[in-house]
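Enquirer: Those protein sequences? They're chains A and B, same order as listed. Under the numbering used here, the letters of the first sequence match residues 1 to 409, in that order. Under the numbering used here, the letters of the second sequence match residues 1 to 409, in that order.
I should point out that these hints are in silico values taken from the structure, not numbers from a laboratory. You may find that some hints are simply not true.
As the list claims (entries may be wrong) - Straight-line C-alpha distance at most 20 Å; calculated EDC-like pairs for lysine to aspartate or glutamate:
#, chain 1, residue 1, chain 2, residue 2
1, A, Lys139, B, Asp192
2, A, Lys76, B, Glu127
3, B, Lys76, A, Glu127
4, B, Lys139, A, Asp105
5, A, Lys139, B, Asp398
6, B, Lys76, A, Asp194
Claimed, not checked - A short, non-exhaustive set of chain B residues, derived as facing chain A with CB atoms under 8 Å:
#, residue
7, Arg83
8, Ala90
9, Val94
10, Val119
11, Ala120
12, Ser122
13, Ser224
14, Leu403
15, Arg404
Backbone N, C-alpha and C define an ideal beta-carbon position, used for all residues, glycine too.
Number of protein chains: 2
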Amino acid sequence: MWPDNEPSLLDRESLDALNERFRESDRAAGIELTPAFRPFTQRNDIFTRAFWDDTVRSAKTDAFFASYRSQFDARKGDGFSQRDFALRNASWSVSSAFSERCAEDGRREGFQAPLDVDVAVSDTRVELADPQAESVEIKRIATLFGADLVSIAEVDLRWHYASRVDTRDMSPADNALPEGVTHVIVMGHAMDADLVETYPSALAGASTGLEYSREAAIVTQLVSYLRGLGFEAVGSMNDTALVIPYALKAGLGEYGRNQMVLTPEFGPRVRFSKVFTNLPLQADTPRSLGIRAYCDTCDVCARACPPKALPDGPPTDVPVNVSTLRGVKKWSANAEKCFGYWASLKTDCAICMRVCPFNRGQTLADRLWFALATGRFRRLARWWADRRGVAKRLKPVDWWARLRAGRRG
Amino acid sequence: MWPDNEPSLLDRESLDALNERFRESDRAAGIELTPAFRPFTQRNDIFTRAFWDDTVRSAKTDAFFASYRSQFDARKGDGFSQRDFALRNASWSVSSAFSERCAEDGRREGFQAPLDVDVAVSDTRVELADPQAESVEIKRIATLFGADLVSIAEVDLRWHYASRVDTRDMSPADNALPEGVTHVIVMGHAMDADLVETYPSALAGASTGLEYSREAAIVTQLVSYLRGLGFEAVGSMNDTALVIPYALKAGLGEYGRNQMVLTPEFGPRVRFSKVFTNLPLQADTPRSLGIRAYCDTCDVCARACPPKALPDGPPTDVPVNVSTLRGVKKWSANAEKCFGYWASLKTDCAICMRVCPFNRGQTLADRLWFALATGRFRRLARWWADRRGVAKRLKPVDWWARLRAGRRG
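Work the whole structure out from these sequences, hints included.
Expert: See the structure below:
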């Protein structure tokens, strides 16, 4: 079905050059590539496979996607009522408005194509301060637009999809950035803690939808700003490139067993977006926080995963299936099992985010635990976390009761 | 050019019935209608007139609108540099994405037509609690989506545009709501205090753009939620109806000399949006806060207005020009002078918001002043406000310096 000779942004030589150029920073970010590494092709993403790969697609996966388009079937079961689905879908509605507007052209913006912003790059360029000062300023502007975390990395085509897909027929489509784009501004968007506590439920999906909707807005504003300054800018949510290596390179956190970037500020309870630009910026550096070393000793997420989609052993470069990024020694989920569970629920699942010991607040106890968990008293932190027990699910009915009583946010 | 027999949502008899039905609540809200009252026609709105009325339209007004579409001419003068315009336009970009998407059909959403949300009303309706409980819940949901203030009023066609305009040729277009819509959820969106302090400047316009962009997102989400529950919902920004009488009826604040609703929480530093629905709700009631009585004795805004567009005397029902709402005894601005000044600046002006003594924070002194200003020690509050002096403009360069230093928000 697919050409042997796939489109790609990188030939062997360029890939080798990038491996060489970023050797040190890969290591600092905990990214370990093997000679088998090759850039990911978006059509192998589990969500994209659900549209063309009969081993993934089923009546259930079709119903999963349809449920976001208001054909939800409320059912018995706390957290899956009509109100829960209505809130989840409403939360997504801004993101959906952006992703649907060019669907007829085969570009599902923010997912299978960059966000198109109807603002031309200004003919004149502003006078620039030095890259360091511009970097500080652009981060504050992103914060003004609502980003919770902002950091900068150099553009690195190894993390870019070799090709994206045209969503009309799921055929490969060109995924090149404009010429001369050098940096990526990586933004983190914190998710609502109370809603995340209700995973798994349709209600909990509102925490995801709210952030995608915020992302779409913030990315649109940041792209518009950069173009107004006279520079190229390409806005991106899940499209264009893998965000995890970029978030690691930008120093926003460390990669965890639950397949998420664990940040000091929000643990795993954060989503990421990115804006590519040719504004001269200064890249941040990866940070060694000690978070990932805790994951070496902890498998709370893997044990809590109903379909057993998360790995319980050490990192490995053995691919689980075609949705695994090849040639990276890391914890890799079984995306087929994971998404199969989502489809059976008719909503996204992030139990692995809820139960992660790094999913905490900012109380004194939370901060003390973080200090222990990321330092040489890691075993004491393990003991404390075990004693506290795995974070329980907040019952969706209790979330609604809290809402009505005004006891949230 | 316009038919004598204009389209209208209200005949004489229905208008009389509404005047009768809402007599008490009009009075409580400080709304004083005279027999000359008739619903406003959107084509007489100053922004709409700028497209068809040669007494308003000019090269300057065309350049004003064009400046929001990235053809801004940065110029010398603090607050009007390319960065200032870029930030202002970026702030607007989400609102613009919504308002431009159906422009080809003559519907500039959020301004000359309701926001179109691509979600059907659910076939099944959720089981409802009583209207009071549903009202509490829907307010909390609006807050979850990001609204800063939420209140409810009954639908009252007196405040609805007799007709809206088709933006292709500025001809009258039907402005009817779906059958059976009974209530309006009025939301307030606070503006950034520091940015407002920089009025007048292109930079300051970012405070307006950021809120319109937030409004568009929040309204979209609330409409989607109500439809998911199985009820009609129409999302509205500046389109469809005047929001000021609705905000007064919903008890969000009192009408001030500067043509704004002055709220206890944010003074005049707030914008409003609205969602019309047939979900059975309980309307809030107007509140007598004592704010408007302060305006009787204060003309700081009128004195600070460069084009002298604000009234310095008592409320009157004498229309200033065709853009005045007829038959309401109130403070009415000269919208032609006001917008003429905007056009000359190439950006919106809200000096009257910045200098209003009710534009304050929530420090102890601020709250003490508010208590005095709205009680029987009003004269003491006047004296204090005079002594403190009119709030100075924050220089845009200083705003940028604060931003770079991380001293804001």
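Enquirer: Please verify whether Lys139/A and Asp398/B have alpha carbons no more than 20 Å apart.
Expert: Status holds; Cα separation ~18 Å.
Enquirer: For the pair supplied as a hint, Lys76/B and Glu127/A, confirm whether the alpha-carbon distance does not exceed 20 Å.
Expert: 14 Å, holds
Enquirer: Compare the distance between the alpha carbons of Lys139/B and Asp105/A with 20 Å, and conclude whether the hinted pair is satisfied.
Expert: Not satisfied, since the Cα-Cα distance of roughly 38 Å exceeds 20 Å.
Enquirer: Take a quick look at whether Lys76/A and Glu127/B sit within 20 Å of each other, Cα to Cα.
Expert: 14 Å, holds
Enquirer: Closer than 8 Å between Cβ atoms is the bar; does Arg404/B clear it against chain A? Give me holds or violated.
Expert: Interface hint status for Arg404/B: holds (6 Å vs cutoff 8 Å).
Enquirer: Go through the hint on Val119/B and say holds or violated, using the shortest Cβ distance to chain A against 8 Å.
Expert: 5 Å, holds
Enquirer: When the nearest CB of chain A is found for Arg83/B, is that gap smaller than 8 Å?
Expert: 6 Å, holds
Enquirer: Under 8 Å, Cβ to Cβ, is where Ser224/B needs to be relative to chain A, so tell me if that hint holds or is violated.
Expert: OK, holds: Ser224/B within 8 Å of chain A, min 4 Å.
Enquirer: Mind checking the alpha carbons of Lys76/B and Asp194/A for me, to see if they're no more than 20 Å apart?
Expert: Given that 20 Å is the threshold and the Cα spacing comes to 49 Å, the pair is violated.
Enquirer: If you take the shortest Cβ to Cβ gap from Val94/B to chain A, is it below 8 Å?
Expert: For Val94/B, the interface hint holds, since the closest Cβ of chain A sits about 5 Å away, which is under 8 Å.
Enquirer: Would you settle whether the hint for Ala120/B is holds or violated, based on the nearest Cβ-Cβ distance to chain A being less than 8 Å?
Expert: Interface hint status for Ala120/B: holds (6 Å vs cutoff 8 Å).
Enquirer: Given the hinted pair Lys139/A and Asp192/B, is their alpha-carbon gap at most 20 Å?
Expert: 18 Å, holds
Checked against the numbered hints given earlier, this structure breaks hints 4 and 6; the rest are met.
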